[in-house]
Amino acid sequence: MYKSLIELDLKEEAEVIAFNGSSLMNRRLEGMGIRQGKKILRISSQYIRGPVIISVDGHQAAMGRGMATKLIVKPAERNGV
Amino acid sequence: MRVLLMGNPNVGKSAIFSRLTGSHVVVSNYAGTTVEYTRGFLQLEERELEVIDVPGTYDLEPTNRAETVASEMIAGGELIINVVDASHLERSLHLTLQLLLTGKPVVVALNMWDEAQKAGITIDTARLEQLLGVPVVPTCALTGDGMVVLKSRLQEARSSSLVSENGASLWQKAVDIGQKVQRAPERASTFRDNLDHTTVHPVLGPVFALFVLLLSFGFVAYFGNFLHEMLEWVFELLWLPVAAWVSGLMGGAGMLHDILIGTLIAGEIHFEESFGLLTTGLYIPLAVVLPYIFSFYLVLSILEDIGYLPRLGVVVDALMQRLGIHGLSIVPMMLGIGCNVPGVMAGRMLETRKERFIVGTLIAIAVPCMAQQAMVIGLLGQAGLSGLAIVYGTLFVLWMAMGAIMNHFLKGESPEMLIDLPPYRMPYWESLWKKIYMRMNGFIRSALPYVLLGVFIVNLFYTLGVIGYISQVFAPVITGLFGLPGEAGGALIVGFLRKDVAVGMLAPLGMELNQLIVASVVLMVYFPCIATFVVLFKELGLRDLLKLTVIMILVVIITGGGLHLLLQATGF
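One line per chain: the protein sequences are A and B, in this order. FYI, in the working numbering the residues of the first sequence are 304 to 384. FYI, in the working numbering the residues of the second sequence are 8 to 579.
Treat the hints as calculated values from the structure; they're not laboratory data. Heads up, the beta-carbon is just placed ideally off N, CA and C, and yes, glycines get one too. There could be a bad hint or two in this list.
What the hints assert, rightly or not - If you anchor each label on the Cβ, the simulated ranges turn out as follows: (1) A:G324 / B:R9: 30 to 38 Å; (2) A:G369 / B:A411: 18 to 26 Å; (3) A:G369 / B:A133: 41 to 49 Å.
Take these sequences, add in the hints, and give me the full structure.
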């Protein structure tokens, strides 16, 4: 099941599938290591429409919610499911 | 020969630049410290190399302003030092491959080598050198390790024989190379991770931010005051006898006496009120402002080097979005509290004209510089905290309201934030002190002459009767609207030059607390000093500067007049 980063639960791991935004933004995300096939972990988010924080490749990145809704991910299968 | 230092944001290019050239540049632990390029020179044997610190970039095809600068620079470079973050090899290599494909001679500096080692990452540099076809040198720019080797291997730089590939295959290549040369252990959760999570936690994050900000400002206020009292003591002990001797020599009066020593208060020199070049002219910048500037830059530099500012940006993002700017705009704001000039310049890190206009306007109007704050704290602090609370409260309300209004009415985009959060680091004290020293030095060199000029002009104005004339002309506004004595008009004029001198002019006027509050707010809000004005012109252009000026005049009239009426009505 694919979902957007915004729908990903806290502390949930997922694999990046695609970014449905401008190619410019996509290149910037790629440069930061957020690209297809990468494992990411949602660390935190801020209230009242603040940014979402993820961990990728051992470093952290923060992105606005608009971007996070466009980042499509596939949650990792949980143990025993 | 022109050498370009290129790499991802926040990999230490500026630190390497500083090591290579010996020039001092500001180095911090967050992306985007360098927005424009910086130039320096490196003497290598017989040759002098021109070294350019290029803003950080992820991609040679630009995706933002800093990257546009970077990609424009590349044509003029004859040699590229590609700075790579050894602890994040894979994504750094993507840019490395792009650089190699330009055909320019490249040397790779594997920077932050110490950090990679601490994380248990090992990199086979010989193998990496072989795969890339260019020299690879491990470095740690903060401590200077590896810099000698880096310099000595610059001659070996050569074009790589890599063939052109692009898109996904370039990433695949970066991944392949990374896997061949790097061994990285599974990361265990560390104290740093927990701190990371706490400081961006939805609930604890804002609490932590509030705590840090209160602690910081408390420290600046108390430590600044402590240093101020010490320096005041030194002034009274060592400088007062000298000034008194000069005063006696000139017979205690006369035009030259007025300019050098100023007016004697009850037959004695008064550092705060005499207003001579050798008395108030030295006392204000060195004994009042400098202690607070030092305390502020100490705290700010520590917060910068630890890596907290981007996280503060994350926490305040939701709030700042309402003002039409994203969370990272907190960085220009914080710099602006020290001095508006670097604050406005740091606004360049923002992408759109709308954002830069909002940040510039908010800094110019609602973010008073530390020099001004030091004087206001001195002026109002004697009467307790209530006056200061009203002044700062008013500024905060203005900041929020103006941001929200501008966001509503201005056309243009306000992009969302997208930012790498740098790892928390212990500050490296040598570079921390160097940074503080540079900032202090910058203050003394740029402020002291202007303060002296300001004091001189004040005396000239009084002698020529200009202040009296100004008071008459502006009386309807200054007395009628703001409820201030006419002489305060002189302070508004001098405020163009230096705000600290202007606040200093209020001291001898014998105003009531409510008048002092209104005068302080009016001085803080209206025209920034000339230096800030020039930078605003450079950054925003004439049209936006005029727009800003109109907004400013409206705001100062409404705020000053409103505050006067409010304080009067409440009988404050």
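Hints, one by one, checked against the model:
| no. | hint | result |
| --- | --- | --- |
| 1 | A:G324 / B:R9: 30 to 38 Å | holds, 36 Å |
| 2 | A:G369 / B:A411: 18 to 26 Å | holds, 20 Å |
| 3 | A:G369 / B:A133: 41 to 49 Å | holds, 45 Å |
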